[in-house]
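Please build the complex by placing chains B and C on the supplied structure of chain A, with the hints as guidance.
Chains as they are written, first to last, in this note's numbering: chain A, 63 to 462; chain B, 0 to 305; chain C, 69 to 302.
It is worth saying that the hints were derived from the structure and are not from the lab.
From the three backbone atoms N, C-alpha and C, an ideal C-beta is built for every residue, glycine too.
Check before you lean on any hint, since a few could be wrong.
To give a feel for the contact side, a few chain B residues facing chain C, derived at Cβ under 10 Å [unchecked claim]:
hint, residue
1, A57
2, A168
3, R171
4, R174
5, A175
6, A177
7, N178
8, N179
9, I181
10, L182
11, A183
12, R184
13, I186
14, I188
15, V190
16, E191
Partial selection, computed: residues in chain C whose CB lies under 10 Å from chain B [stated by the list, open to error]:
hint, residue
17, D73
18, H74
19, L118
Here are the computed lysine to any residue pairs in the SDA-like style, where the Cα-Cα straight-line distance is at most 25 Å [to be verified]:
hint, chain 1, residue 1, chain 2, residue 2
20, B, K194, B, R110
21, C, K195, B, T180
22, B, K194, C, R170
23, C, K195, B, L162
24, C, K143, B, P189
25, B, K86, C, I121
26, B, K86, C, K195
27, C, K198, B, I116
28, C, K143, C, L187
29, B, K194, C, L187
30, C, K198, B, P290
31, A, K373, B, I116
32, C, K198, B, V157
33, A, K438, A, G450
34, B, K34, C, L187
35, C, K143, B, L169
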Amino acid sequence: MIKKLVSISLLLVMLSLLGAGIQAQDDIETYVLGIPLPFTGSFGSFGQDFERGILLAVSQMNAELEAAGSNIRFDTASADTEQTPEGAARALQTIAQTTGAQVVVGPLTTDEVLGAKQFADENGIVIVAMASSGPAASIPGDNIYRVIYPPDTFSSKAFATIALERGHENMVVLHVDDPFGNGMNEQFIANFQAGGGGEVASFGYAPQSTELSTEAAAVSAALAGFGDNAGFFCVCFPGAAQAFVQVAQVDPILTTVQWMGNEAMTTLEMLEDPGHAQTLINANFVTVSQSAASTPLTPIFNADFVAMFDKEPGIFTNYAFDAANIAMLTMLAAGNDGAAVKSMLPFISNHYIGTTVQAYLDDNGDQAIASYGIRKVSDDGTAFEVIGSYNGNTDTITYN
Amino acid sequence: MPSSLLVTSLVNTIQIGSLYALMALGLTLTFSVIKLPNFAHAEYVTAGAYAALIISLAGVLNPLIIIAVAFLVGALTAVVSHLIVFKPLERQNVSLYTLILASFAVGLIIRYILFTIADYFNIFDLRIAIPLQILFRTGSLILTNLFAWVAPTSIVLVILLTLLINRTALGREMRALANNTILARVIGIPVERVKNYTWLLVGGMAGVAGALWGLQSAVSPLMGWAAIISVFAAAILGGLSSFPGTILGAYVVAFSENTIMLFLNFSYGVDLAYKPAIPFIIIIAVLLIRPQGLTQLLKRAGELGR
Amino acid sequence: MITVDHLTAGYGKLEILQDLSLAFAAEQFSAVLGPNGSGKSTLMKAIMGLNTIFSGSITLRTRELIGMQTEAISKLGIAYVPQRENIFTELSVLENLQLGVRILPRDQRENALNELFELFPILGRRKPQKAGQLSGGEHRMLAIAIAWLSRPTIMLLDEPSAGLAPAIATDVFNILKELSQQGITLIVVEQNARRILQHCDYAFVLREGRLMFDGSAQACLEDEETIKGYLGVH
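Pulled out of the complex, with its shape left as it was, chain A reads as follows (with noise of 0.2 Å):
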């Protein structure tokens, strides 16, 4: 027994120090991008298809790297942050152990970008966020880069906007109690207030939740007592956001007032039920969107993604795909080490221009391009299309 451990150690030993000749040899280097994403949980389909994006990106990167003679190539190591903030943290530790990425692409929420932070922060990990927008995440100086999508800084002032705009005298808010959420309450508030709005009510539910009736009873009562005038804003993730319409397209309050709604509850399969495509209708839902932008390179992004993976790229897949290449051209702008990629990433990202729209940080390290498109359900309900813009710089609507 002893015997036999000790040559296959022997054999491992050996086996090692020629994988190591072989590649002294072609002096090829590797950077090693890390991806902690949800892989599993209710945006399990979120995390993979994100992943999809990222190695998409990292197949073409290092076929072009190969194709200039560059001794550079990237590998990814991923790890699922089982949508939690603990388990982003563990993510990354892991990833980061096991592989010394000094970079990851991702996670996806505000919550597990959070949850990473510290990890990233104390060991010169730089985090590129693809899809994170919470404004908890807005902080000066540290490792946290979110380079595609703004901050909802934005997009609250642009629903607040439309509210106003709809002549909402008052406003009932029903969020995912979490930092995206509530970020995303609070300053929708702020806003709607500032710009002459009156009374919001607000209704937190919990992550998890998976049947709204309570908190739709909630909401209808309160758009109720507010009377005429009354317009509701739903901040839900996906399935949530499908149990409440369940709920909601019956309700006698819910189904007289106007509605709008953040970009992720916009689904296609939020549609795929009649009954909610016309309730949304009805209630001339509108979201605002980051996604609805596009570039000359979107299509060939779609085109690729569908030729390497056999399916469409789900929602805010291009982000990811973007925010690996902003990664990866740091990296090799400024090597394989945290510190000097965390310096020259804005600069990078300044200069990018991907599958949706152009980069520019601010000094959070958040993107500070808002530039929305407005989108509502098409009338035979079977898809959102966009019906004007919000410019978030100058907070400004244009309807088509």
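Coordinates of chains B and C only, in the frame set by chain A:
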């Protein structure tokens, strides 16, 4: 609290309470007959919901067929988990803690199998697509065809299960097993067969509850797990052994999560996000104050009535 | 009828019966006597497959019982009345009895119940009552009744008179006599040695898991050493 809100929340209490009762009765049955606080129970609910969702996506929209398929799949999941995991463990005379941990593990395995299936077909957060119709409307009281399916189906099943337990030979043997396992063996009750039937019923009921839950809300791999603490709270209110106590417990939990929660929100500004804490509070309160649950209370009420 | 051969048995890792060999004859009323902890109850549980067998064999006629499930052993016509927890307290008296007859063919169940109510009239009057609410004597009657209803050829009873008032204990002994007259092989564990020796045919005396005496009830009564040494004076 506005009266319209009260009416809506009471309708919700009936609907959700009936679903909790359906799930919690299964849990109580497993605990008393099989002697297992089964945390995998949640996943039988999810399995049934996904079975219902998948056949509804395939075009089957007859609620009776959907419910029957959900029963079968829930039952199959439960029986298989018994045969593969719990039965062999019982044979080895492992401790209760080992069984509880095993039930967690079984639950995780089923949950992530469902995740894989859901991911493969990309079916997250979908509702079982039976079109919604309003059947009855007056003032703030609105009853839909879903309410007409969910609440009566659950209540009928709860009644049938109660009758089966109290009035049939199988039910008698299940209660005998729950009361005194050794004596049940000694007088020749086919313990393994009774246990198999118990698992079948428990899983089937959970599966139906999942399908009904998916009718009124949305189906996701986490739905059963999200409901299990409320279901445990209902069963613990029933002292984990009494069927009437469990049914009452289910409605008490649903009432607390809906009506009382809304009252606290309206009168004292308590955030609705505290809703998931309610079942925990109930569990802790029951364990601290009345570990025997509502059972003794019910008995006393019964004796007073006599 | 039941032959115990070089049996070592106990609970978990604890050995209580030590290499015990004895045989219970058919249609006899045998008493198993001995001080506390001598292994009397362990012997009964071993026959029913309810504890740990380390070595040896137990055969019914020629059939090996060790390794069989308790349910299967009871189907061979062996009924066992444990000393405690011998009824279903949460079920009604009638339900307890229905469970007793479940092993019989469907058409014989009604008859068996009717006969039972002749033998135990008190149980007929308590039918709808919850079994846990019965008095001590009724409880004991019900436990014996459940076992008897399965029409067993052999009945094992563990201390059927323990803790009962003398008058009720007498009733129990009368019932045992009646059962014995019906041709049922009785194996009874008793503390009250003098009392049971009046009724039984044969006696075994155990001490510390070993057989100390084996002979007719008469012989046992006359064996002063056994009586004084192992059974105490009752």
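* Verify the proposed pairing of B/K194 with C/L187, using a straight-line Cα cut of 25 Å. => 34 Å, violated
* chain C contact restraint on B/N179 - CB to CB distance below 10 Å -> This hint holds: B/N179 lies near chain C, its Cβ roughly 6 Å from the closest one there, short of 10 Å.
* **Hint status (Cβ of B/A175 to nearest Cβ of chain C, threshold 10 Å)** => The hint holds - B/A175 has a Cβ within 10 Å of chain C, the shortest such distance being about 5 Å.
* Starting from C/K143, check that the Cα of B/L169 is at most 25 Å away, please. => 18 Å, holds
* Interface hint compliance - B/E191 to chain C, C-beta minimum distance less than 10 Å -> At about 8 Å, which falls below the 10 Å cut-off, the nearest Cβ of chain C leaves the hint on B/E191 intact, so it holds.
* Asked: Does the CB of C/L118 sit less than 10 Å away from some CB of chain B?
  -> 7 Å, holds
* To do: Would you settle whether the hint for B/A57 is holds or violated, based on the nearest Cβ-Cβ distance to chain C being less than 10 Å?
  => 43 Å, violated
* Please verify that hint: B/A183, Cβ, nearest Cβ of chain C, below 10 Å or not. => 8 Å, holds
* Pair hint outcome, C/K195 versus B/L162 [Cα-Cα no greater than 25 Å] -> Status holds; Cα separation ~20 Å.
* Given the hinted pair C/K143 and B/P189, is their alpha-carbon gap at most 25 Å? -> OK: C/K143 and B/P189 at ~10 Å, within 25 Å.
* Asked: Taking 10 Å as the limit, does the beta-carbon of B/V190 come near enough to a beta-carbon in chain C?
  -> 6 Å, holds
* Asked: Taken at face value, is the distance from the CA of B/R110 to the CA of B/K194 at most 25 Å?
  -> Given pair B/K194, B/R110 holds - Cα atoms ~23 Å apart, limit 25 Å.
The structure shown violates the earlier hints numbered 1, 17, 18, 26, 27, 29 and 34.
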